[in-house]
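Enquirer: Listed below are the residues making up each chain.
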Amino acid sequence: LTSVFPYLPLRGFCDVPPKTQKMVRVLNVAEKNDAAKNIAEILSRGHLTRREGFSKYNKIYEFDHNLNGNNVKMVMTSVSGHLLNYAFSGAYKKWEGCNPLDLFSAPVFKVCPEDSEPIKRTLEREARSASKLIIWTDCDREGENIGFEIIQVCQAVKPSLQVQRAKFSEITFRSIQRALETLTRPDENLNNAVNVRSELDLRIGAAFTRFQTLRLKKIFPETLADTILSYGSCQFPTLGFIIERFKAIENFIPEQFWKLKVTHNRDDIVTEFTWQRKRLFHKRACEALFDVCQENPEACITKVTTKPKSKWRPQPLDTVELEKLGSRKLRMNVKEVMKVAEKLYTNGFISYPRTETNIFPQELELAPLVEMQTADPNWGGFAAGVLERGPNPRQGKKTDQAHPPIHPTKYTSSLSGAEKAVYDLVVRHFLACLSDDARGMETVVDMVMAGEGFHANGLVILERNYLEVYPYENWSGKVIAHYEQGQTFQPTTLEMVSGETSAPPYLTEADLIALMEKHGIGTDATHAEHIEKIKQRNYAGLENNHFLPGKIGLGLVEGYDDMGFQMSKPNLRAELESDLKEICEGTKDPQDVLRQQIEQYRSIFEEAMPQALKIDAAMGKYLEEMPQALPQDVTIP
Amino acid sequence: MQLVLPVRRYLTNRHITVPEDWLSACINWVLSEYSQNNVPFIQEQVYQEWLHADLTELGTCCLPPQTQDQPSTTITGYFPLQMNLVRDISEPAYAQLLKVEDADTENMTVSATQNHMTQTAREKADRMLMLELTDGTTVVEGMEYRPAPNLSVDLSPGTKVLVYGTIKVRRGILFLTQQNITVLGGKVMDLLEKNDQRNTLIAALNTQDTDPREQPRRYN
Ligand SMILES: [Mg+2]
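These protein sequence lines map, in sequence, to chains A and B.
The letter at position 284 of the first sequence is residue 284 when you use my numbering, and the numbering goes up by one with no holes.
Count along the second sequence from 1, then add 637; that gives the number in my numbering.
Since the hints were made in silico from the structure, they are not lab data.
Among the hints, a few may not be true.
Residues on chain B that point at chain A, a partial pick, calculated with CB under 7 Å [claimed, not checked]: (1) S748; (2) V777; (3) M780; (4) P784; (5) Y801; (6) R807; (7) L842.
Derived DSBU-like pairs (lysine-lysine); straight-line CA-CA distance at most 35 Å [unchecked claim]: (8) A/K73 with A/K93; (9) A/K309 with B/K824; (10) A/K278 with B/K824; (11) A/K398 with B/K736.
Some but not every residue of chain A turned toward chain B, in silico, with C-beta under 7 Å [claimed, not checked]: (12) R185; (13) A288; (14) F290; (15) D291; (16) P361; (17) G520.
All figures in this text were calculated on a predicted structure; none of them were measured in a lab.
Don't be surprised by glycine CBs; every beta carbon is placed ideally from N, CA and C.
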């Protein structure tokens with residue numbers, strides 16, 4: 001109507017006053033209350049009313065809006081993450097109600113857990129009076145799945161409800177506005193992938209968890225009577241990495257080595273020359289070469305090379321890098337980093353922090369984003385510089401086709417504590433990756449003494465560039481004396497020094513993330529959760545920021561290892577993760593993947609049962625407790 | 638036996654000296670084994686037997702006396718020697734052992750700091766092989782002083798080599814280069830397993846100057 005008569009006042013035809021006219025109601029549902037509130041504020045430009053729902057954490061925001069030319073009543077509310085869960089029913093629900101093996105085939109249902117019940121009731125009530133539903137959950141796999149849960153609940157009470165999906169990467173005016181103008185359909189493939197994953201997690205997790213827990217509490221009644229020994233197909237490989245490193249350190253044999261070292265003092269500068277042979281693991285061999293040098297210790301410079309050297313600015317920030325940087329540089333745990341980042345996102349300060357992309361998309365205008373930061377007393381000047389030269393992103397190679405790299409979307413100076421630390425990191429990283437590599441001049445001086453090669457390296461830093469804004473990295477110059485080819489001199493010192501090899505370090509949280517990413521365990525969205533889980537279960541613990549396995553963790557992993565099952569190796573899970581990716585892309589059938597995976601784990605389970613004594617033995621070793629015999633009347637395998 | 642002379646000449650041309658009784662026993666054995674009288678054939682067969690003999694059992698001797706005790710000396714001539722074992726001393730024996738045992742060490746180099754891997758790759762030094770050599774009586778070591786691509790850790794224990802020219806010797810170690818050593822071949826059955834890479838590396842770890850520290854168990 002409006003396109004035909006664009007100037008016609010909408011209410012012109014009817015005599016009914018606007019107040020009593022019944023406007024179409026559109027139900028909008030976001031993933032969290034904060035997101036609902038901020039999206040509603042943006043769309044209503046602050047003119048909204050708030051009322052209560054059944055859940056006191058999930059408010060309802062209402063405002064009028066012109067949607068595709070129609071004035072509608074927007075009703076915006078939220079869930080708190082997943083609304084429904086897969087669960088067993090009847091006897092299968094009870095821990096001792098069935099043989100755990102049955103859990104691979106027992107029927108599963110999506111149910112609403114008790115604490116989500118009030119949210120569900122709000123959705124049902126609001127859906128009844130709405131004619132349209134717009135899903136505003138996070139635009140990732142889990143978010144899509146949550147969206148389908150919302151749709152299921154709402155359409156159950158109102159089958160005629162029209163459903164649309166809003167796609168956005170940041171909660172800013174432009175982005176939210178555009179999302180509403182370009183509503184799409186929810187993505188069935190993403191939803192399927194999460195359903196497959198959740199169903200497998202439930203079946204596999206429940207079967208192994210019940211088996212381990214019920215058996216071991218009887219075998220070790222003193223220590224494990226009240227302990228839940230959970231199993232998860234991501235948890236175990238994650239734990240496996242920690243134990244693998246732990247054992248590598250335990251088995252490590254340090255070795256002594258020897259090397260030659262030359263120094264030369266000139267113009268108050270001590271230049272140190274490093275032996276070309278680095279080090280030798282044979283004392284007499286090193287002594288022999290030391291003798292040769294000592295007999296004729298004249299050093300001759302054979303070559304002096306000076307060439308530019310750069311230190312690269314960082315690539316645009318993706319989730320894994322944010323987690324690693326947060327852990328290493330801000331000394332926060334990864335879960336905390338992501339929690340804070342999500343809060344910054346829901347408040348509109350940064351873009352969506354779950355992304356695999358480290359390439360800025362063409363359509364993202366970087367200059368206005370840099371411009372916003374020029375106001376800051378600390379990095380404002382730097383931002384102005386970037387603006388003047390034009391943003392010059394160092395591009396990475398990865399894109400998830402869903403979200404841009406993590407970047408600031410709004411300037412703020414009102415944050416404090418962890419929020420400020422993470423926001424600063426995002427902003428500084430953003431400005432750094434848009435600026436320029438640090439540049440320097442490296443000098444390599446090659447020297448020969450009695451046939452043995454040595455070299456000295458000097459570095460002069462010419463332009464710090466990105467380092468000015470990026471305190472998380474440093475680059476220090478190294479001064480050496482000036483040398484020319486053909487020059488000869490007597491060294492100030494000529495020494496044979498020794499050292500010892502050392503074991504690799506225990507894993508930090510950041511290293512663990514790097515390993516999980518390398519082997520495809522979990523997704524960038526779930527790394528932190530899996531790590532948290534194994535800490536919670538005391539399978540591993542942090543000591544001085546490094547992971548050490550716990551007794552129970554060692555016992556379980558070693559037990560399965562002794563059976564010959566690679567439960568703690570990444571292969572099984574990595575296979576599933578790549579299958580899930582294919583489901584998302586629509587190239588694999590979710591039912592096929594589900595069937596294959598269930599079969600695989602069921603057969604491992606079946607073969608593991610008769611060998612359960614091996615777990616008892618491994619566990620006994622670490623708990624330093626004698627395994628008790630299993631009582632006869634117990635039906636647990 | 639008129640065969641002894643041409644065979645000995647054949648060996649002498651290759652700078653090899655063997656005990657009289659070994660030579661005649663060997664010729665007799667070849668004769669009975671192959672029932673051939675062809676001199677070049679027998680010469681070649683005896684040479685092959687020498688390549689596969691254990692020089693320590695032969696008790697031969699060609700290195701100047703006290704070669705292994707001199708702090709600094711040179712030796713000149715042709716020295717057919719037996720390589721008892723070989724190991725790369727530019728790398729820790731433990732790391733090599735893990736490789737030989739096919740242990741998966743890939744994850745040990747993964748770290749959150751991206752440049753970790755490239756750094757270790759760049760820092761890798763040139764190989765330096767250390768050979769345990771014997772002339773049948775004296776045991777010395779030979780160090781790959783300059784790259785000698787004809788040598789490798791895959792050479793069988795007991796391989797015969799010819800060291801020749803004027804060779805620098807320090808602290809009982811011969812300074813070997815591509816120009817002063819040739820691999821002749823052969824092996825010694827008894828040394829094959831005893832001195833294979835795995836056992837050589839284990840032995841190197843066990844005879845370290847430092848005791849492997851007793852590490853406390855660390856888990857919570
Ligand atoms: Mg989410």
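Enquirer: Against this structure, judge whether each hint is valid.
Expert: Hints, one by one, checked against the model:
{"no.": "1", "hint": "S748", "in the structure": "5 Å, holds"}
{"no.": "2", "hint": "V777", "in the structure": "11 Å, violated"}
{"no.": "3", "hint": "M780", "in the structure": "5 Å, holds"}
{"no.": "4", "hint": "P784", "in the structure": "11 Å, violated"}
{"no.": "5", "hint": "Y801", "in the structure": "20 Å, violated"}
{"no.": "6", "hint": "R807", "in the structure": "4 Å, holds"}
{"no.": "7", "hint": "L842", "in the structure": "5 Å, holds"}
{"no.": "8", "hint": "A/K73 with A/K93", "in the structure": "43 Å, violated"}
{"no.": "9", "hint": "A/K309 with B/K824", "in the structure": "50 Å, violated"}
{"no.": "10", "hint": "A/K278 with B/K824", "in the structure": "32 Å, holds"}
{"no.": "11", "hint": "A/K398 with B/K736", "in the structure": "33 Å, holds"}
{"no.": "12", "hint": "R185", "in the structure": "39 Å, violated"}
{"no.": "13", "hint": "A288", "in the structure": "4 Å, holds"}
{"no.": "14", "hint": "F290", "in the structure": "9 Å, violated"}
{"no.": "15", "hint": "D291", "in the structure": "6 Å, holds"}
{"no.": "16", "hint": "P361", "in the structure": "23 Å, violated"}
{"no.": "17", "hint": "G520", "in the structure": "13 Å, violated"}
Checked against the numbered hints given earlier, the structure breaks hints 2, 4, 5, 8, 9, 12, 14, 16, 17 and satisfies all the rest.
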